[in-house]
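Student: For the protein sequence lines, the chains are A and B, in the order given. Following our numbering from start to finish, the first sequence increments by one per residue and tops out at 724. Following our numbering from start to finish, the second sequence increments by one per residue and tops out at 724.
Derived from the structure by calculation, the hints contain no laboratory data. A portion of the hints provided could be inaccurate.
[As the list claims (entries may be wrong)] Per the computed footprint, the stretches of chain B lying under chain A, defined by three or more beta-carbons under 8 Å from a beta-carbon of chain A, are: (1) 332 to 339; (2) 343 to 350; (3) 357 to 363; (4) 374 to 388; (5) 500 to 509; (6) 581 to 591; (7) 609 to 615.
[Unchecked claim] With beta-carbon atoms standing in for the labels, derived distance ranges: (8) C494/B <-> G557/A: 52 to 58 Å; (9) G363/A <-> G504/B: 46 to 52 Å; (10) W419/B <-> E564/A: 33 to 39 Å; (11) E505/A <-> D565/B: 38 to 44 Å; (12) R574/B <-> D512/A: 49 to 55 Å; (13) G500/A <-> G546/B: 53 to 59 Å.
None of these values were measured; they are calculated from a predicted model. Glycine included, C-beta positions come from ideal geometry on N, C-alpha and C.
Protein chains: 2
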Amino acid sequence: MGATPSRSARVAILSVGSEVVTGRVADTNAKWAGAELTRLGYAVVLHLAVDDDAGAIRDALGLAMDRADVVWMTGGLGPTRDDVTVEAVAGALGLGVGEDAATVARIRAAWAKRDQPAPAMAFRMARVPEGSVAFDNPAGTAPGIWIETRGRSVVILPGVPAEMMAIAEASVLPRLGDRVPGPKSCVYRILGVPEGEVDQRVRDLWDGAPAEVRIALEISAGEVLLRVLAPAAWPGLGALDAAIRQRLGEAIYTTEDETLEAHLIRRMKAAGLTVALAESLTGGLVAGRLTSVPGASSVVKAGWVAYSDAAKTRLLGVDRAILSGAGAVSREAAAAMARRAREAAGTDFGVATTGWAGPGGGTPEDPVGTAYFGVAWNGGEAVERRWFRGGRRQVREYAVTFALDLLRRRLTGVSG
Amino acid sequence: MGATPSRSARVAILSVGSEVVTGRVADTNAKWAGAELTRLGYAVVLHLAVDDDAGAIRDALGLAMDRADVVWMTGGLGPTRDDVTVEAVAGALGLGVGEDAATVARIRAAWAKRDQPAPAMAFRMARVPEGSVAFDNPAGTAPGIWIETRGRSVVILPGVPAEMMAIAEASVLPRLGDRVPGPKSCVYRILGVPEGEVDQRVRDLWDGAPAEVRIALEISAGEVLLRVLAPAAWPGLGALDAAIRQRLGEAIYTTEDETLEAHLIRRMKAAGLTVALAESLTGGLVAGRLTSVPGASSVVKAGWVAYSDAAKTRLLGVDRAILSGAGAVSREAAAAMARRAREAAGTDFGVATTGWAGPGGGTPEDPVGTAYFGVAWNGGEAVERRWFRGGRRQVREYAVTFALDLLRRRLTGVSG
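Construct the complete structure from the given sequences, taking the supplied hints into account.
Tutor: In structure tokens, the structure reads:
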């Protein structure tokens, strides 16, 4: 076995702030730190979030220090009386509270520019526990704080995401990165195979791998992501990678860290291919996802939200007989919509969605959750039918991914 | 003071999943639960997140039960060997593991529909700790689990957000709501006034209010939500409500707990009004948001994703001279797009977006982030210009909200 992250590289992330515990915001700071620290090779063992309350902060810091070697804290460094993190941490660690001279000077200078004396409250942001190292904040006032104590490292950063990230990137992550040998990370993005089946196909591959090799499966609206994180020097990574590719084959659409829509736009742009969309079920969301990618305009030429029968016939030009015969949710309608979108826009591909998102609608043969997807190209067309579980939002979300995947599979047939 | 939530109503939220601790996703489940439980009157004292690891789960459950009366867990209820939450919780509480008969029957029935025998792995999702109550999962397979033990309530829900929310809303929140004297909650949804200004206008109103009266401002893609949570018996609520309405006036578009798109669809449906969309900047997302509302089909008749100049002229019928003269990102283009969408679809309103989402594009007069919005109605049209800060995603998100708000303001002029 090669160099593996030592057992000492455990991190706990502790967020302080009532906006987090009461659910007014998602804890995106913790997400960001978790991703960055994992990338560096740390094992993030615990996330904690507590209110701006000195007792709760002390309690949580104690838990975090029991379970990890590095405690990554954010929040409660501002100037108001609600901001009690410095006092709480200093109290928990038996340290006094001093002022960081560089921060005091910066606060004075900032107020001098406004030709006003700095109010006493402003200097609250210069407070640091005694014996700590203060890092410059390139995006704000309160400094980052690093404390070495009792064999642990405690890092405290402001809760404002831009400030937290600026200090972390400039000062904290480089120092933490120097302490561990960086691991290698691979991601396999998989479409068309459910999570459970992906698991079954590949699970035995790492039965003999060392514990430091971490594998995770995650699902996101019809996609499965398989991630492997291994110590840089682990010799088994090449063989594991080859085996995963062999077992999953074409279901792996990319091993780049790119979204499905970015993947499609990149490939189509490179091949000079264009697409038009005709959306009923998905109401514009397929176009919305594709056009979220910068530069999508050279690929996505046009789209119709053909939500009503009149829009399908009068605007898109679908034969009225199809809608009155097979119905708007049918194989025939999906094919005609894809064909007409392609013809009208003069694109290489046409992609269409129609279905029952619910809660109303549906038929005995095509209950709520049923969707038909059409794709048309020069000289051909295809339709696929799927049933998705869940409420309206989930059905539509899965349908968007499925429509993009249908285009991807067709693309592979044509341009791959 | 009236009835306030008793000290016993403390909740800890515990999320299980490697995707959370390693920062691949933000813990939006915890955010959602924090907001719902706060709304019910519970004090959320702690958030925790740990890996899919039985030891870590047991440890975290212990911490949570030490500090709270209700532990709200999510994640690790799936069919794979990574999903160890049930065994870990049962182990920690000294309970055996059984199978929920209703879930077993549902799994059998689901596989029978596919004419396949259910694999043994599928039944892992029927596992529940002995003595627990299982709640039906309207959006998936794994049931919700409720355990009463050692004076604590432990709730376990699937990690898939749609399933978690479906079970919570149907079964868990109503039961938890019955246990506490519910506070009164008001929400004011505000458009067109920035958060800082909302804060300034109303901040002094609750200076004298008791601590149990909680006020929160939150922002979400161009909307500001002002929430007030007060003990049911607090006598000042009526006066506070009147003062808030007086200070914010028409900027409050609703005090119902409904999204902007649901608000629009409800009002337009009631008035028998219809709309068509012509989207360039927003690439289908305005239509996507409106059609997320059940029953939107009687209001949203058609949409064009007119991303290219050719789509704007050939498909939507915008005069080519406008695009070659004023340009595709202009007052004139936005007006013509809105007008043509309305005419072509035969609707009461036409709404259009065009702009520079970035990172490329922009002109000295109209830099990246600039957007023009058009609205056309029977006998008139209007255009508004806005500049939004942030990256491509944020500019588009704000633009969608602004377009919906433009329609709302027009609607108030016409049908209000």
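Student: Please go over all the hints and tell whether each is borne out by the structure.
Tutor: Do the hints match the structure? See the list:
Counting residues of the stretch 332 to 339 of chain B whose beta carbon lies closer than 8 Å to any beta carbon of chain A gives 7, which meets the minimum of three for the stated coverage. Evaluation of the coverage hint for the stretch 343 to 350 of chain B: fulfilled, as 4 residues show C-beta separations to chain A shorter than 8 Å, against a requirement of three. Evaluation of the coverage hint for the stretch 357 to 363 of chain B: fulfilled, as 3 residues show C-beta separations to chain A shorter than 8 Å, against a requirement of three. Residues of the stretch 374 to 388 of chain B with a Cβ under 8 Å from some Cβ of chain A number 4, which satisfies the need for three, so the listed coverage holds.
Counting residues of the stretch 500 to 509 of chain B whose CB falls under 8 Å from any CB of chain A gives 0; the rule of at least 3 is not met. Evaluation of the coverage hint for the stretch 581 to 591 of chain B: fulfilled, as 4 residues show C-beta separations to chain A shorter than 8 Å, against a requirement of three. Residues of the stretch 609 to 615 of chain B lying with their CB closer than 8 Å to a CB of chain A number 7, which satisfies the three-residue condition for coverage. A beta carbon spacing of about 56 Å between C494/B and G557/A agrees with the range 52 to 58 Å that was offered as a hint.
The hint said 46 to 52 Å for the Cβ distance between G363/A and G504/B, and at roughly 31 Å that hint is violated. Taken as a hint, the range 33 to 39 Å holds for the pair W419/B and E564/A, whose Cβ atoms sit roughly 35 Å apart. Hint check: E505/A to D565/B, Cβ distance near 39 Å, so the stated range 38 to 44 Å holds. Our hint of 49 to 55 Å for R574/B and D512/A holds, since their Cβ atoms are close to 53 Å apart.
Between G500/A and G546/B the Cβ separation comes to about 57 Å, which falls inside the hinted range of 53 to 59 Å.
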